[in-house]
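Here is how the chains run, residue by residue.
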Amino acid sequence: DVKVTQSSRYLVKRTGEKVFLECVQDMDHENMFWYRQDPGLGLRLIYFSYDVKMKEKGDIPEGYSVSREKKERFSLILESASTNQTSMYLCASSSPGQNEQFFGPGTRLTVL
Amino acid sequence: DQQVKQNSPSLSVQEGRISILNCDYTNSMFDYFLWYKKYPAEGPTFLISISSIKDKNEDGRFTVFLNKSAKHLSLHIVPSQPGDSAVYFCAARDGNYGGSQGNLIFGKGTKLSVKP
Chain A
1 DVKVTQSSRY LVKRTGEKVF LECVQDMDHE NMFWYRQDPG LGLRLIYFSY DVKMKEKGDI
61 PEGYSVSREK KERFSLILES ASTNQTSMYL CASSSPGQNE QFFGPGTRLT VL
Chain D
1 DQQVKQNSPS LSVQEGRISI LNCDYTNSMF DYFLWYKKYP AEGPTFLISI SSIKDKNEDG
61 RFTVFLNKSA KHLSLHIVPS QPGDSAVYFC AARDGNYGGS QGNLIFGKGT KLSVKP
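Heads up: the protein sequence lines correspond to chains A and D, in order.
The first sequence maps to residues 1 to 112 in our numbering.
The second sequence maps to residues 1 to 116 in our numbering.
Same shape as in the complex, but just chain D:
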């Protein structure tokens, strides 16, 4: 059963507007969440993260919001740019999987297209 879900396979947004990518999780033991960005034929690159003790983290145009009670997080990109077009993966760290190392569990990804 999927523990990290990205229910929208794709999202299309106009340049300059806000992009909102959503992620839901089921495991209340997840203690850290990350967003990765992936261009075709490249490896994923880390974008932004948030600890489960916070509800918001901001880095430039990127903001991640965490709602623990709803087991939901979202990534906001404002303003969206054509270069943001990529696949975005949500990932969660499970402190109980892999002991103190904590492996990451990834969602299936959302393909964002930002149109000029």
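Next up, chain A with everything else stripped away, as it sits in the complex:
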């Protein structure tokens, strides 16, 4: 059974703090994705990675960066958190040629 875990379910940070969101998958998937979900806006792709050390910008990368040092781990970094980054962050993974993406439980981040 595919398992995608995220380091925190709920997180509260202050404006200007550096924030790390961690995602780990146990199915040896090459592809990993970070989305944010906001009411009325659906799921929007922030960054994705198809391999270790590889990263590509999604639709809304501004204010974010990522790190993929190991195949199973994909980290999302908010260099200087701002209130408009308060959101639900979702990590997903998949294999090449596999259409379905498997999602983690999400991290609800609040920036005060």
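There is no bait here: all hints are sound.
Computed Cβ-Cβ distance ranges for the label pairs, DEER-style:
{"no.": "1", "chain 1": "D", "residue 1": "Leu11", "chain 2": "A", "residue 2": "Ser7", "range": "31 to 37 Å"}
{"no.": "2", "chain 1": "D", "residue 1": "Ser69", "chain 2": "A", "residue 2": "Pro96", "range": "26 to 32 Å"}
{"no.": "3", "chain 1": "D", "residue 1": "Ser10", "chain 2": "A", "residue 2": "Lys70", "range": "36 to 42 Å"}
{"no.": "4", "chain 1": "D", "residue 1": "Ser10", "chain 2": "A", "residue 2": "Ser65", "range": "34 to 40 Å"}
Okay, the calculated bits of chain D under chain A, using three or more residues with CB under 8 Å as the criterion:
{"no.": "5", "region": "45 to 57"}
{"no.": "6", "region": "106 to 115"}
Because the hints were derived from the structure by calculation, they are not lab data.
In this text the structure is predicted, and so the values were computed from the model without any measurement.
Cβ atoms here follow ideal geometry from the backbone N, Cα and C, with glycine treated the same way.
On the provided structure of chain A, position chain D as indicated by the hints.
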């Protein structure tokens, strides 16, 4: 511009009746479509999918219909149950975005409420 549109933000249905969730898309290069279900405070879970070479796929109470000429797909849930109450996201795979990997493009979601 939105490539995957779910024009109904919410839908309320009586238990036992049919729920029909709709999705429209604009990109004719989409080759695979998926529906995800999401409960509050949880990640989306895959529900059912359909390839662009088919027009129907059925899995238990869930059926997805694809009308390529109209660029429209729908998810039918029969009979609807209170446990089906969730947000449903339509997603499309773009084979041209991300090369052979194909990223998914999601609609904004429809919140389904099934009333006992």
